[in-house]
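Letter by letter, the chains look like this.
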Amino acid sequence: KNEVEQSPQNLTAQEGEFITINCSYSVGISALHWLQQHPGGGIVSLFMLSSGKKKHGRLIATINIQEKHSSLHITASHPRDSAVYICAVNYWRGSQGNLIFGKGTKLSVKP
Amino acid sequence: NAGVTQTPKFQVLKTGQSMTLQCAQDMNHEYMSWYRQDPGMGLRLIHYSVGAGITDQGEVPNGYNVSRSTTEDFPLRLLSAAPSQTSVYFCASSSQGQPQHFGDGTRLSIL
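Which chain is which? The protein sequence lines are U and C, in order.
The letter at position 95 of the first sequence is residue 95 when you use my numbering, and the numbering goes up by one with no holes.
Every number in my numbering is 1000 more than the matching position in the second sequence, counting from 1.
One thing to keep in mind: the hints can contain errors.
List time: in silico BS3-like cross-link candidates among lysine-lysine, alpha-carbon distance up to 25 Å [claimed, not checked]:
| no. | chain 1 | residue 1 | chain 2 | residue 2 |
| --- | --- | --- | --- | --- |
| 1 | C | Lys1009 | U | Lys106 |
| 2 | C | Lys1014 | U | Lys103 |
| 3 | U | Lys53 | U | Lys106 |
| 4 | U | Lys103 | U | Lys54 |
It is worth saying that the hints were derived from the structure and are not from the lab.
The model shown is predicted, which means the values in this text are computed figures rather than measured ones.
Make the full structure from the sequences, and use the hints.
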């Protein structure tokens, strides 16, 4: 069963393009996370949100609780944005320490 | 402030051997988790803890034990290593309502 679905799986963009990565989930959640994993493996939390929209630099994350959908947008993409972007959720009945992950979106930004 | 520290970074074991992956955090986080990451599978939760003395199973707990005797430490024990446990293991910690902080990972190969 795939409780957290991400699309696309792979994405290639030219530097400067606007990028959108989508995440949908199947049950009620208490929070949704967007994570970034660079080649070399380290994982960094980009956003944790339960409603609305958050912005950090060129990154914007939105969530629609009714539609069970979230998007991660990257404006003015740059080669250094090349990474795997992972969506994860805390189910509302679960513990905060218990995340369910999507399989990730591999982004490659060409100069 | 070191964050989440995992040791070792790399390990090769023979089938049947036992070992402990160490995880320590210095942020006084109550929540700690262990995940494994396999190609095509995404990250999956092995065990998690909501505080010292309290642990629970995640999605893939078989073959692994954990304990949480202190807030800082959350070791993961492989009882009898099997090739199917070849993976990259991540430890993470967080406080209530805050994003998770991940360690750098342990690459484990079982021959």
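Unmet hints by their number, sorted upward, for this structure: Hint 2 alone not satisfied by this model.
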